[in-house]
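**Student:** For this one, chain A is given, so just place chain B on it according to the hints.
Below, each chain spelled out in residue letters.
Protein chains: 2
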Amino acid sequence: MKTYNYPNKNKWTLLSQRPILNQNDLEQTVNSILQLVKKNKDEALLELTLKYDNVKLNNVKVGPLEITKAISIVSMELKTAIEQAYNNITLFHESQLETESKVIETTTGVKCWRKSVGIDKVGLYIPGGSAPLFSTILMLGIPAKIAGCKDVILCTPANENGNIDPTILYTANLVGITSIYKVGGAQAIAAMGFGTETIPQVYKIFGPGNQYVTKAKELIQQNGIAIDMPAGPSEVLIIADQSGNPEFIAADLLSQAEHGSDSQVILLSNSLKIIDDVKCELIKQLEKLPRKETALGALNNSRLILLKTIYDCIEFSNIYAPEHLIIASNNADKYASKITNAGSVFLGNYSCESAGDYASGTNHTLPTNGFSKNYSGVSVDSFVKKITFQKLSAQGISNIGQSIEIMAEAEGLFAHKNAVTLRLNSIRND
Amino acid sequence: MKTYNYPNKNKWTLLSQRPILNQNDLEQTVNSILQLVKKNKDEALLELTLKYDNVKLNNVKVGPLEITKAISIVSMELKTAIEQAYNNITLFHESQLETESKVIETTTGVKCWRKSVGIDKVGLYIPGGSAPLFSTILMLGIPAKIAGCKDVILCTPANENGNIDPTILYTANLVGITSIYKVGGAQAIAAMGFGTETIPQVYKIFGPGNQYVTKAKELIQQNGIAIDMPAGPSEVLIIADQSGNPEFIAADLLSQAEHGSDSQVILLSNSLKIIDDVKCELIKQLEKLPRKETALGALNNSRLILLKTIYDCIEFSNIYAPEHLIIASNNADKYASKITNAGSVFLGNYSCESAGDYASGTNHTLPTNGFSKNYSGVSVDSFVKKITFQKLSAQGISNIGQSIEIMAEAEGLFAHKNAVTLRLNSIRND
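Respectively, the protein sequence lines represent chains A and B.
Take 1 as the starting number for the first sequence in this note's numbering and just add one per residue.
Take 1 as the starting number for the second sequence in this note's numbering and just add one per residue.
Hint data in this document are derived by calculation from the structure and do not stem from the laboratory.
It is possible that some hints are incorrect.
Pairs involving identical chains hold if they fit within one copy or between any two copies, as the list cannot separate such chains.
[As the list claims (entries may be wrong)] Lysine to any residue pairs mimicking SDA-like chemistry, simulated, CA-CA at most 20 angstroms apart:
id	residue 1	residue 2
1	334	117
2	145	83
3	38	293
4	61	212
5	386	97
With the rest of the complex left out, here is chain A (with noise of 0.2 angstroms):
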């Protein structure tokens, strides 16, 4: 881990900038696993499953038997667990939905207003690996059904005995998700942006993967599909003060560091104190990681910076902008104000990014890659589409009917005109 120590504002960009991954080859691979599901559907599926993930599956469906094994499976306390972070993360997303249509009445006799209106299909991605990550489950599933959405469809990898963890065969069917499909990989997205004689095709695709399935989320968007938002590898900024604690502070970096040697941790402070206190605290903790080589390797990567004030860390964390910010400090509030670039925002000693990644109740797919300059994290939002309408009167239409002629007229475009002249007409003669 470097550290710098009052770096020029000049060098800030280029201390923003992330890991550059190898991507030579990637899109041709993906592009022909994509073109094989296309034209061979089912089959296709089970022939990269054998090839990639080494199972011989015969149906990639999950049957309602293997749910009803894996919810009597799950220990009662995960169970415990899994429902306080439910009900968090519900109750905040609850309150992102529109209910009622704000009806605005622009000039008299012309009503306009708008409706949130769930996304009919969407499929969502949990990645297999090292661990079951059931909690982008609840990070997904639980905004869809709030958003209306009808059908919610997942597709998870099997493991070596062609079997889907039971905790991520729990938390889907506890957050009512329709169907459950053991797919991974390219071929997962392929399949929902396609269509097989499974699995059905859908009309936006969500969730994390490596860069197998971020590379065919990217190309899927060409066939008319949404994705929820590019991705990258995951990554911490933490800006303390003097009155952060060194040891939280290391754990906050190290608890991402883990997620993958190609995550990024950068912490920012006005206090060189700080700074030497954390670096002790972390080749403490390190030792006593499973995955300390993991960790190890995205330390590499990563950069403690001493700056001026901590209005200076701001300014640079807004260049940045990370994908997790945490200001370890007793006045985060005051500094809350002045973000501007981030996916989400943890405030003070005691909110570690952890509680946000399981139950406080924010949602943790967020934008990485400093993504948070221009795109949010996943929201209710990014399960509705919002249709506009609106409703003239004769009166309406005779209130803004000149200004809409004159406009058109304008732009040369007179059976737009004359769309309102014949209505103007028709009230004139009444």
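**Tutor:** For chain B alone, kept in the frame of chain A given last:
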């Protein structure tokens, strides 16, 4: 224009298909323009403007004198019309801004909220061509300003004399656009996406355009630049019962058809008489249109479909997912609640599409090509990102800490668990 009487339901998806555009070589051509601008910046813009627009410019930036002159040229009548539209669009879009953060205490001591922050730098593209589309400047510039975007720049091609239509400059100035540049086509998208010596890089690009512009917007996303939505030719679908007015319906179909020969217009009705009467009106009104040839081209892609009931028409419309939907009926309000896929809906005989195109207050930048299944039209939402915040007190982390520990451990993320454990220990020891 083809008529279909009571087509079988299994034909509806086929009848909902849009004309397919031939896009051979398009990606390669556009990609080479993007790369040239990325490499040679302003020099490339001047070169490409000479090549494609046949104008030799020395500088792409519009100066203050050009704007002052434009303001003096635009007629008072047109200014007054634009001002009425400006006021209505402002009223409706201001109602979309979330000004206060609803704080949700999901568990005692765990507070979550979110805040809308304008995207710092946005770029608007306004096409040139046969008419100055100043109305689109209102539709993009007004929500950008309401959202609080700091830099709002605009690119639009100059005419053969190197000038921009005065109404474009007048409207851009009215809505408070920071800088205006004389550059069009894929090169304008490249300039805003990569930045040049003169044109600053932006984080999100908005606006309509031909297939080169559309492809450039699609490709620029791979560089982390967001776009408003995927685009396609404009379209209207009208649902009419016997209370619809055939003269108005024909005028509305034609006002969409005059946009371009690739536009699509569809009429659904449960009344054969309405369909026959609309056909007669179309022939009568078409004769008088300056853009007769264009409209005729669009009518060739278009369909008049007789169905048994208005509810069948609504079901068809939801499959088609139109950009503009007019419900030409005295019972429009009743039917409106059944609409699940549409960009903007016009209710009743006095709500013509051109009202929404110019001055009712709703936005006219809408999802085409069936994208209203999964995308919303432009609104203030399009110009903000929503940042989530959370603040946990000692009591808050005590209340949810154990659930986080259990879930993190079940996901194999021990550093996530440890970030909570250290805090819980510290509280117990206090």
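**Student:** Of all the hints given earlier, name the ones this structure violates by number, lowest first.
**Tutor:** 3 and 4
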